[in-house]
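**Q** Sequence:
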Amino acid sequence: MTRSDVIRFALHGETGLPVDTGVPIAPYTTLKIGGPADFFMKAPNGESLGRILTTAENLALPVLVLGGGSNVVVSDRGFRGLAIKVETPTNLRNRGTVIYEDGQEVLIEVEPGCQTAGIARWTAHLGLSGLDWACGIPGTLGGAIAGNAGAYDGDMKAVVRAVTFWSPGRAGTGLPASRVCTVSGSEMAFGYRSSRLKSPGSGVVLGAELRLGRTSPAELLQRIDRFEASRRTRQPTERSCGSVFRNPPGKFAGQLIEQAGLKGHRIGDAQISLLHGNYIVNRGTATARDIISLIKAVRERVLLDTDIFLETEVMLTGDWSTDGDPLDPDDTREAASRVTLKATPVTDAVRSPLGERNG
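So the sequence shown is numbered by my numbering: it starts at 151 and just counts up by one.
Since the hints were derived computationally from the structure, they do not count as laboratory data.
Since the structure is predicted, the reported quantities are computational estimates derived from the model, not experimental observations.
We treat Cβ as the ideally placed atom computed from N, Cα and C, and that holds for glycine.
Please note that the accuracy of each hint is not assured.
[Claimed, not checked] Simulated restraints on C-beta separations: (1) G434 / P194: 28 to 34 Å; (2) P177 / G319: 27 to 33 Å; (3) T383 / H162: 43 to 49 Å; (4) Q372 / Q405: 49 to 55 Å; (5) R230 / L276: 39 to 45 Å.
My request is simple: use the sequences and hints to build the entire structure.
**A** Dropping the structure here:
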């Protein structure tokens, strides 16, 4: 029996869920990019997700947890471990469960695989305020909570009352190999697009309680319609991973990129959106290497022009074994110190690195 067989039997035996091998990750990401995972499972709810994670830890198996698949770039070589697609039972996919009501305050319980935008619209129809800003946020609530997603002056920090998450073992601490914890929103260390669960290996959201207020459904739905109309004019509908760079203090990453003359620039089938400079879209058959090359080029140009180093909001994962750290900040600074990029618009017919034209 091979190690692969042992792992498959153990995962299935401990969870009762199907285990597949060699499944391409691309269809499960919003960029539609990513090679095969050694092992692949679907978690139908937060409880089963916790069981899968504990079993994988006992097998010393690296894991990649995918909700909606946004905010991530997966290597073209795939993932050497277990990729888990977090799902939600059909009857809960776009809604939560009301667990407490008291005057103007309502608590709802949500699964990690609930669609963020779906929950926003469901709560609006019920006249529950606090999530209307999330109407256009891609992905699922698990990722939205871990990354403190936000828009239009709202964010998850403002509505999260409690979070239940799976915490990996900590060698030498005397704690169990892994455990399920519940903490209050104030203990989540929420910051700008971050939380205590944002970094890889810090934990995985299994569920949450959200505290919402009351407003008329008509007012909330009008607000959602207004937000969605605004998004359509400012954000691309093509395949993307969402915002690529974090906004520097007092600045907007998209504006810096556009001021550098990079809007519309393209490497392979990866292109800086014509609508918003902080989005990279897949125009057809873009690879993870195309995306990374474009991110590096943007960083170098903005650093040259403004002396501002753009931090990535998107997460890189998968098998980058032959690349080292593909987004090493020192590499970017070194390249920017010796290379002058010329911002030359790239048409759909010309696919070339920044500053060069082929033919």
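**Q** Next step is simple, just say for each hint if it's right about the structure.
**A** Results for each hint:
In this structure the hint that G434 and P194 lie 28 to 34 Å apart at CB holds, the actual value being about 33 Å. At roughly 32 Å, the beta-carbon separation of P177 and G319 lies within the given 27 to 33 Å, and the hint holds. The hinted range of 43 to 49 Å is satisfied by T383 and H162, whose Cβ atoms lie roughly 48 Å apart. Roughly 29 Å separates the CB atoms of Q372 and Q405, a value that falls outside the hinted 49 to 55 Å.
Under the hint 39 to 45 Å, the C-beta atoms of R230 and L276, about 44 Å apart, fit the expected range.
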